[in-house]
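Using this note's numbering, the letters of the sequence shown map in sequence onto residues 315 to 484.
It is worth saying that the hints were derived from the structure and are not from the lab.
Remember, it's a predicted structure, so these values are computed and weren't measured experimentally.
Take these hints with a grain of salt, some might be off.
Restricting the straight-line Cα-Cα distance to at most 20 Å, the calculated cross-link-like pairs of lysine-lysine (PhoX-like) are [stated by the list, open to error]:
id	residue 1	residue 2
1	Lys416	Lys439
2	Lys419	Lys465
3	Lys465	Lys480
4	Lys360	Lys342
5	Lys419	Lys387
6	Lys465	Lys481
7	Lys416	Lys387
8	Lys481	Lys456
9	Lys480	Lys451
10	Lys478	Lys456
11	Lys451	Lys481
12	Lys439	Lys419
13	Lys480	Lys456
14	Lys451	Lys465
15	Lys478	Lys451
16	Lys387	Lys360
17	Lys465	Lys439
Cβ-Cβ distance ranges computed for the label pairs, FRET-style [unchecked claim]:
id	residue 1	residue 2	range
18	Gly362	Lys416	25 to 31 Å
19	Glu344	Asp430	37 to 43 Å
20	Gly385	Asp417	22 to 28 Å
21	Ser483	Leu346	53 to 59 Å
22	Gly454	Asn349	47 to 53 Å
23	Glu341	Glu476	51 to 57 Å
24	Phe359	Lys478	50 to 56 Å
Glycine included, C-beta positions come from ideal geometry on N, C-alpha and C.
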Amino acid sequence: MKNKLIFLGVVALLVAAFFFFLPKGQEKGECLDGNCFNGTGTLVFKDGRRYTGNFANGSYNGHGVLLLTDGRKYDGAWENNLPNGFGTQTNPDGTIYTGAWKDGKYEGQGTLTTADGGSYTGTWKDDMPHGIGTLTKPDGSKFTGEFRNGKTVGDGVLVTPEGKEKKVSL
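I would like the entire structure built from these sequences, with the hints used as guidance.
So this is what it looks like as structure tokens:
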């Protein structure tokens, strides 16, 4: 369980790095088509990043898709150049997050699925599991309970790969 939580922490750091590559206010891209100031268009940057979607006052606002040169992708709601609302982030390593975002971070209900079949479904705060959720390991075992800052706390239910339930206190 501890290794999986450490992995979730690493994934959260990758999310932060994802948004390091977002366009800075002074950085200008080339509008390939449409209206990249107020409307819908496609904006491409010298480093190969590409955003296709809605713009308001030159910022990503509304629905859009950001593709990074390393294969990372965000498809969802934007507000002032940051993911806000519902969206999906897909990473080249097979990790996928689908759920709520606030100011570029996982915030609210969402699911993070890893390439090996593990997942966390539940409440997120500041890119970390925080609230009620279910952590599923690749072997099918599950822990459902409370999380704070990415760590399990309090009482919960552990389900073995064979389906046997056990109440646990952490």
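Consistency of the hints with the structure:
1. Lys416 x Lys439: Roughly 9 Å between the alpha carbons, so the hint for Lys416 and Lys439 holds.
2. Lys419 x Lys465: 18 Å, holds
3. Lys465 x Lys480: 19 Å, holds
4. Lys360 x Lys342: With Cα atoms ~9 Å apart, Lys360 and Lys342 stay inside 20 Å; holds.
5. Lys419 x Lys387: Holds: Lys419 and Lys387 sit about 15 Å apart, inside 20 Å.
6. Lys465 x Lys481: 17 Å, holds
7. Lys416 x Lys387: 17 Å, holds
8. Lys481 x Lys456: 12 Å, holds
9. Lys480 x Lys451: Given pair Lys480, Lys451 holds - Cα atoms ~16 Å apart, limit 20 Å.
10. Lys478 x Lys456: Holds, at about 10 Å.
11. Lys451 x Lys481: 17 Å, holds
12. Lys439 x Lys419: 8 Å, holds
13. Lys480 x Lys456: Roughly 10 Å between the alpha carbons, so the hint for Lys480 and Lys456 holds.
14. Lys451 x Lys465: Holds: Lys451 and Lys465 sit about 15 Å apart, inside 20 Å.
15. Lys478 x Lys451: Holds - the C-alpha atoms of Lys451 and Lys478 are around 15 Å apart, at most 20 Å.
16. Lys387 x Lys360: 17 Å, holds
17. Lys465 x Lys439: 12 Å, holds
18. Gly362 x Lys416: 25 to 31 Å: 28 Å, holds
19. Glu344 x Asp430: 37 to 43 Å: Distance hint for Glu344, Asp430 holds at roughly 39 Å.
20. Gly385 x Asp417: 22 to 28 Å: This hint holds: roughly 24 Å between Cβ atoms.
21. Ser483 x Leu346: 53 to 59 Å: 57 Å, holds
22. Gly454 x Asn349: 47 to 53 Å: The hint (47 to 53 Å, Cβ to Cβ) holds, given that Gly454 and Asn349 are roughly 49 Å apart.
23. Glu341 x Glu476: 51 to 57 Å: Given range 51 to 57 Å: holds, Cβ gap about 54 Å.
24. Phe359 x Lys478: 50 to 56 Å: 52 Å, holds
Comparing the model with each earlier hint shows no violations; every hint is respected.
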